[in-house]
Structure formats: structure tokens, C-alpha cells
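Engineer: Build out the structure end to end from the sequences listed, making use of the hints.
There are 4 protein chains.
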Amino acid sequence: MSFIELKREVYEANMELEHRKLVTYTFGNVSQVDRAKGVVAIKPSGIPYEQLKVDDIVIVDLENSIVEGRYNPSSDTKTHTYLYRHWHEIGGITHTHSTYATAWSQAQIAIPCLGTTHADYVYGEIPCAPVMTEQLIAGDYEEETGAQIINCFGERSPIESPMVIVAGHAPFTWGESAAKSVYHAVLLEEIAKMAYLAKTLQPNIGSLKQALVDKHYLRKHGKDAYYGQNN
Amino acid sequence: MSFIELKREVYEANMELEHRKLVTYTFGNVSQVDRAKGVVAIKPSGIPYEQLKVDDIVIVDLENSIVEGRYNPSSDTKTHTYLYRHWHEIGGITHTHSTYATAWSQAQIAIPCLGTTHADYVYGEIPCAPVMTEQLIAGDYEEETGAQIINCFGERSPIESPMVIVAGHAPFTWGESAAKSVYHAVLLEEIAKMAYLAKTLQPNIGSLKQALVDKHYLRKHGKDAYYGQNN
Amino acid sequence: MSFIELKREVYEANMELEHRKLVTYTFGNVSQVDRAKGVVAIKPSGIPYEQLKVDDIVIVDLENSIVEGRYNPSSDTKTHTYLYRHWHEIGGITHTHSTYATAWSQAQIAIPCLGTTHADYVYGEIPCAPVMTEQLIAGDYEEETGAQIINCFGERSPIESPMVIVAGHAPFTWGESAAKSVYHAVLLEEIAKMAYLAKTLQPNIGSLKQALVDKHYLRKHGKDAYYGQNN
Amino acid sequence: MSFIELKREVYEANMELEHRKLVTYTFGNVSQVDRAKGVVAIKPSGIPYEQLKVDDIVIVDLENSIVEGRYNPSSDTKTHTYLYRHWHEIGGITHTHSTYATAWSQAQIAIPCLGTTHADYVYGEIPCAPVMTEQLIAGDYEEETGAQIINCFGERSPIESPMVIVAGHAPFTWGESAAKSVYHAVLLEEIAKMAYLAKTLQPNIGSLKQALVDKHYLRKHGKDAYYGQNN
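Chains as they are written, first to last, in UniProt numbering: chain A, 1 to 231; chain B, 1 to 231; chain C, 1 to 231; chain D, 1 to 231.
Worth flagging that the hints you see were computed from the coordinates, not collected in a lab.
One or more of the hints may lead you astray.
Simulated crosslink set (DSS-like; lysine-lysine; CA at most 27 Å straight-line) [unchecked claim]:
{"#": "1", "chain 1": "C", "residue 1": "180", "chain 2": "B", "residue 2": "223"}
{"#": "2", "chain 1": "C", "residue 1": "220", "chain 2": "B", "residue 2": "21"}
{"#": "3", "chain 1": "A", "residue 1": "78", "chain 2": "D", "residue 2": "220"}
{"#": "4", "chain 1": "B", "residue 1": "21", "chain 2": "D", "residue 2": "21"}
{"#": "5", "chain 1": "D", "residue 1": "21", "chain 2": "C", "residue 2": "180"}
{"#": "6", "chain 1": "B", "residue 1": "78", "chain 2": "A", "residue 2": "209"}
{"#": "7", "chain 1": "C", "residue 1": "53", "chain 2": "B", "residue 2": "180"}
{"#": "8", "chain 1": "C", "residue 1": "220", "chain 2": "D", "residue 2": "53"}
{"#": "9", "chain 1": "A", "residue 1": "180", "chain 2": "B", "residue 2": "53"}
{"#": "10", "chain 1": "D", "residue 1": "180", "chain 2": "A", "residue 2": "21"}
{"#": "11", "chain 1": "B", "residue 1": "220", "chain 2": "C", "residue 2": "21"}
{"#": "12", "chain 1": "A", "residue 1": "220", "chain 2": "B", "residue 2": "21"}
{"#": "13", "chain 1": "A", "residue 1": "78", "chain 2": "D", "residue 2": "223"}
{"#": "14", "chain 1": "B", "residue 1": "78", "chain 2": "A", "residue 2": "223"}
{"#": "15", "chain 1": "B", "residue 1": "209", "chain 2": "C", "residue 2": "37"}
{"#": "16", "chain 1": "C", "residue 1": "220", "chain 2": "D", "residue 2": "220"}
{"#": "17", "chain 1": "B", "residue 1": "21", "chain 2": "A", "residue 2": "21"}
{"#": "18", "chain 1": "D", "residue 1": "53", "chain 2": "C", "residue 2": "180"}
{"#": "19", "chain 1": "A", "residue 1": "21", "chain 2": "D", "residue 2": "78"}
{"#": "20", "chain 1": "C", "residue 1": "21", "chain 2": "D", "residue 2": "78"}
{"#": "21", "chain 1": "C", "residue 1": "78", "chain 2": "B", "residue 2": "220"}
Given the structure is predicted, the values throughout are model-derived calculations rather than measurements.
Structural biologist: Here it is, written out as C-alpha cells:
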């Protein structure tokens, strides 16, 4: 049983993260799930991108046991698998410490929707999962990070906001594939930068008018979308 | 009847936008009008710049019907054609979500003239078209975006400010050709960045003295201009 | 009588400005004086850097008459020659609209000495020449820009601060040669960026302690300097 | 007795500093100590990186006397040797004027731990060594810079924070080798940028919860670390 295609997609998504300059050294990791086979391919822990090879990608099952690979998987693996187990809609996950998104995480503020660049991709604010209690931190930390994210979404669909920032930490993004989750990581960083600039220029600015949020999100998403070539 | 030359100019202007790093993924679009033929060439919707070819450029008439091309035109096409129909002085239009200009849009503040870099290209502030009413958003949104821009200029000539920011959205720039509209998009981003920095450094700074605005604008524009080689 | 060597040095200094990313399009110009011959070599007006050739550099005398060259000299030529006529210590001048230095110009604030990066190159604040009166603007504007700079230095030597920002406009820097003036333009932009960041982080920060200003400036400049290899 | 291997490591670490865009012109210097031989290899003073060769690296003893090399060593040599003499745990030192770290130095504020990017590498705040008294500045300045750093650490281990900022000046970082000290210089600049952005976005933000600091620092460092492949 071979995972070569899955590994290649995850390898390429990880390298795209490097190519888009969203990571410094070994920061960041991308994974993709194969739900039929019940496995996740993920970057190994602490391997620099310039040395990474397709075959270094680690295969784990959804309970975090290594299925194939000579390296330890990313130390954030349990956060990835937790999200895959709870959100069946998602196929790939990206974790970065990209500069502006991480600054919002450190400021511990959800990123408000201030414009159509945001509304084109995210319906409503980008939530900020709160800092864990001491008890949770002392427990199974990476697993609990997944739980914090799921809890802060509540009934909200992960499709409406394919991204979250974790207070005091950094962002996670997702999508139908590893590649799509990286795409959302790039967009998040740009959205976070624009929101930073707008907020420091005009601290009192409120969120975008709801009718405009609806208009932009729905012209790109849903059954009446008319952006692009596929509709 | 062939539009090959028009398509090539619009293709090259779109690629210049990418080259100047003013776009992320498929954000942004450039068009040019051929008034003799009554047509507009514009980027297709949702096609990444790295895949774009000359022949992918779409030709529409001024009422937005496709004349030639296998793709849907940009979802912002109606804004472009609205501007061409109302401003006969302009030949090309660029729309981007460039970072600093979009931040001003999100802050919903017209960009004041704070220095000669601004006054060299724009006579007076760069206007901020207001957010539409719910009623207009629910109507023909992209057409109404054009109307918001025209309305906010009132009697002011589009030559005096070859650029506008739309509140909650992003900038549009124009010029005598597609290439010139991209040139103005690059200048707007630089002007917007300088104004952001000056305003956050010194929030009370007022606009540039009118005599200096006149001096710089008129040494580059109008019958007594003495900048460059063409006078 | 040939000016080929002088033209080449000025050409290379102009291209270095482009290489260091201090200019957008045709912004900026560099000149160098040959005091023995009584001439100044300067960039032609409005020629893009990618098209500039050695032979396009214009030679003018110190009263601004063209001595050699097929193009109009920079529209800022009179500012350059005014400075050369009044400051015999300087051999080259650079004018840019570099982003952070121009932001300080627009904020109309002299750049305070906040750290040793500044003190290593400039002794005391980087002065801000005030906006001209309406009367001066209406006069010989570029000549008066030179006069504003000279006046704001008063008795202070142009060697102590090889740079100035002009309120509402942008910086000028100088040095013993065109190359050295570009070197100072690069340093000014970095100093201006650091000062912007420090001031927005801590608005109440005062200037660097005088003893530290003296220490850093004098370890690089003057008879007891011990930095580098030439002492 | 040859120092070729030591010189090569120091040369490569210096070039990495340039490659990571942490230096402008001749700013910055990296050294490494060979404790068995009692010598330090360090960048020569004022030599541009583009001209630097392996053989230009200067060898000094721990009392700053030149052992080998045709150039003067960095003017900051005495700070390096002071730190090597007092902290036996460290093997390499980097000094830069990197933009964001230097801005914090100029603001004269220790960099608080605001997130896990910081906690992954530094246990607690990054200290800010105070500006020296006039008396110390007038003394053996570079030696006293070392003393200010050692004094501000007090009982704290240099391993817990492999970096410091010196008020009014700039950062120093260290590690087990020259290469590792450069690695920390890169991380410091990124941490300083994120902290700048978070603080200007939300000035009231406090430090990261201690349990989270402990968790992140200890998952990468110490006997129970589980990040990477070496445990």
C-alpha cells in the first residue's frame, strides 16, 4: 500500500509555504488527510524546508500512530488530527507563524471583517480561539489546541471561515486539500496585514456593512456565485 | 475583425500588475477601451496571472456583452464599462487590492495630499467613494460601484485624480491606456504607504499648502509644465 | 574636452539608487560636481532608470546652463547647483522620495537621534527644512529649495548631517562624491525607518544621551576615529 | 598552528547575516571562540560583505590582541571577548543593527513575551541593557557594553535568553557557535517585528500566560523536549 501521491501533494504544499515566504526556518507545517485510507500525511518535525524531500513526509493514522516514515511527525500533529476527526468537511490543514496573522494572535483579538478582500474568502470575523487554562495546557496540549479551535467555532461551519488564530500562538487554516489550506494561509496573511493597517490608521473603524459582506461572499461562494469560470 | 493588438496591450498591462507585486493570486484586473470599435478588452475572471495568455483576454462591448473570447470577463467588468461610458477622457482602467491603498479604503478615509509625491500626480485628495446603501448593493452591484465613483467625483475631472478608493473595498485607477492605469496603480500604492506612515507618525498633520500643490502639479501637467523631455 | 568619466560615475550612482530600491519609476536624481571644470553632471529629467545610458547624463555649469547633453537636466537641477555653490565641502548630491524619509518630510518633523545607527553617520538630528512661503514658491522654486536647505543649516556644517528632509517634499543627501551621496541616501532611509518604528512604539522617547552621540560619531569620524581600516 | 576551519565558519556565519538581509553595508559582525586555543575569530572592521573573504577574518586572543590577520578586527571586538570571558556556555556571538530589534533598543523597552514564537526560543522577556552612564561611556566603551549586558542578566542564564538589546544601540545574540548566534539574530528580528505589530495594535496586551511560556519553551528545550528528531 503506497502513499506516494499523498506524500507528494503534502510535500508540494509545504514547499509552497516556503515559496510564499510565510515561514522562517522550520516554523509551519502542512498536512492532508486521505479519508478512505484513514491516514494523514504531514511534515516531519524540525526539518528545514531546504532539506525536505517527498519521502520525508510522515504518514500517521487519525489517532496519531506512525504508519510510514522514518521521522517524527510535526509536534503539532495532534492538533491536525483532532480537527480532521471533528470536521469532516476539511481535507488539508496549514499551520504557520506568519507575521501579521501571528501579531493578531498575540494581540488576542479576532480579525474583524473590514473590507471585501476579507469578505471574498471569509464570512464574518476570523475567530480568535482563547488562551487555554493552566489545566488544559498541562494536559495533552496539542490535542487541546484542536479542541479550543473546535469549541470557539461552536455551530459555525469551518467552511465559512477556513482560518482561525489561536490567542498567544498563531494561525491555522484549512481547505479541501493541503494546497487549498496553503492558499488560505497566504490570504489570511494579506487580510491580517490590511486589517492591521486600517486599524492603526483609524482605530474606531467598525466592521463592514452586512449587506456588503453577503454580496461579496456570495458572489464567490454558494449556488448563485458568478465569479470565475466554473459556474 | 481582429482585436489582437488591443488584447496584447491589456495582457501586458495585467502582467505588469503582477510584476510590480500589486496582486495576490487572481486579485485585480486591467482593461482598455477601443472607442472607435466600441469595445473593451479585459482580464477573464479568476484566471491566475501565471497561466494568463494573450488570447485569454475577453472582448466585451460597452454594454457588457461578450464580443470575443472563451472565458467569462472579470466580475468587475460592469464597473469598468460604466466608467468608460461616463468618462470619455479615459482609455484604461486598473482595479487592485494593493495593500496600503486597500487599508485606506477599509479605514474609509480619503487620502489627503501630504506631500509633493502625491501632488506630482494627483491634484488634491484621492477621493473615497462611500459604502453603498443596502438597496444599491442588492441591485446591480458592479454597475453601482461605477456610479458611486462617478457621483463622488461630481464636477471634478477624472484627470485631476486618476485614482479613487472605494470605501470597504479597494482602489480603481485609470489613464489614457491600460499601461498608464497600471502606472497610476503603482503610484497610488506608494502614495498610500507614505500617507499611512506620515499619519501614524503625526496624526495632526494637515494637507500640503495649496501653493505647493499647485506648483508641483503644474510643473508636471498642463501647458506650462517643464518636467521631462516633452515640452 | 570630455566628461566621460564624470558621466560614468553619475550614471553608476543613479543606477545604484535603483538597485537599492530607493526609487519608483523616474523619482530621484543624483549629481556630481567637478569643481576644477566648474560643471555638474546630473540625471536627465523623466528618463526611466531601465532606459538610462551613460551618455544620457547631462552636463550643466554651476549657473544651470547646459554644457553637453541632448536631454533636459533633472527639474531639480537648480537645487543641486545652489547647494554646490554654497557648500564647497560637498561633491555629490542625491535626491529621492524614499518611503520612510519622505514620510518624515510629510509629517514635517526633524528626525531625532534615537540610537547609535543614527549617531554613527549624523551628528545630531536630521534637520527638516520648513515649507516655503507662498512668495518663495511662486518665485524660482527649485533655487529656493536650495536656499531653504542652506538656511535651515545656519552655521551647522553639512558634514555633520550629510542629509536633510524638506517639509512636505522629500530628502536630499550629499557627500564627497555622487556614490557617497547615494550611500547616505540608503542610510537615511534605514535611519528613518528605525526612528518611525521606535516613535510609534514609544512616543515619549527622548533623544540619545549626548555622551553616546559623541562617542559613536567620533569613533567613526574625526582625528581620533578607530573604526575601519584607514586610521 | 592554523585557524582555517574556525575562520571559514565565521566567514560563512557573516555571509549568512548578509544573505538573511539583516545588515546594511558594513553594519554587523559575527565571531566564534575556540576555547581550547584561547582565540576568537571575528569579522574585520568596515569591510563590506561583498568583498569579504575567508582569509580576511581576524584572529584575536581573549584579551583582544591580534594573533593572525592583516586587518583591524571589528570595533566591537572587546564586547565579544568580554562576553566570552564571562559566559563560558557560549561559543558564538552576532551583533547586528537589524531594523525591528534596533527599534526596540531605541525605544529602550525589553521585548515582552507575547506569544509562542517567542517562547519557543527565549524563556521570558528579552532584556534591555540600560544606557551607560557618562563615566562608563568615557571609559573603555566597547568593554563596558559587555559589562552592561552581563550586569543586566544578573543570575539569569544566557541560555534562557540567547539575545539582548542594548538601549539606544542594537541587539547582540549568541549560541553554541557562530552559526547558531546568526540563527538567533534571525529569530530575534522576527520576534521583534511580531511584538511591534501586536503592541501597536493593542497597547495594553500583557505577557503570555506563564504556563504557556513553560509549555512551549520546555517542549523544545531541556530533558523532556519532544520537538524535532533528536530526542
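Engineer: So if I understand the rule, the pair passes when the alpha-carbon distance is 27 Å or less; does residue 21(A) with residue 78(D) pass?
Structural biologist: With a Cα-Cα distance of about 37 Å, the restraint between residue 21(A) and residue 78(D) is violated, given a limit of 27 Å.
Engineer: Given the hint that residue 209(B) pairs with residue 37(C), does the C-alpha gap stay at or below 27 Å?
Structural biologist: Judged against 27 Å, a Cα distance of about 40 Å means the pair is violated.
Engineer: Next pair to validate is residue 220(C) with residue 220(D); report whether the Cα-Cα distance is within 27 Å.
Structural biologist: violated, 42 Å
Engineer: Checking one constraint from the list: CA of residue 78(B) to CA of residue 223(A), max 27 Å. Satisfied?
Structural biologist: Holds: residue 78(B) and residue 223(A) sit about 21 Å apart, inside 27 Å.
Engineer: Assess, step by step, whether the Cα of residue 180(A) is no farther than 27 Å from the Cα of residue 53(B), and give holds or violated.
Structural biologist: holds, 24 Å
Engineer: Does residue 78(A) pair with residue 220(D) here, judged by a C-alpha cut-off of 27 Å?
Structural biologist: holds, 16 Å
Engineer: Straight-line Cα separation of residue 220(C) and residue 53(D) no greater than 27 Å?
Structural biologist: holds, 23 Å
Engineer: Take the C-alpha atoms of residue 78(C) and residue 220(B), compute the straight-line distance between them, and say whether it is at most 27 Å.
Structural biologist: At roughly 16 Å apart (the allowed maximum being 27 Å), residue 220(B) and residue 78(C) satisfy the hint.
Engineer: Holds or violated: residue 21(B) and residue 21(D), Cα atoms, limit 27 Å.
Structural biologist: holds, 20 Å
Engineer: Has the given pair, residue 220(B) with residue 21(C), been kept, meaning a C-alpha gap of at most 27 Å?
Structural biologist: Answer holds: residue 220(B) to residue 21(C) is near 23 Å, not above 27 Å.
Engineer: Regarding the pair residue 53(D) and residue 180(C), is the alpha-carbon distance no greater than 27 Å?
Structural biologist: holds, 24 Å
Engineer: Starting from residue 21(B), check that the Cα of residue 21(A) is at most 27 Å away, please.
Structural biologist: holds, 14 Å
Violated hints, in rising order: 1, 2, 15, 16, 19 and 20; the structure is consistent with all others.
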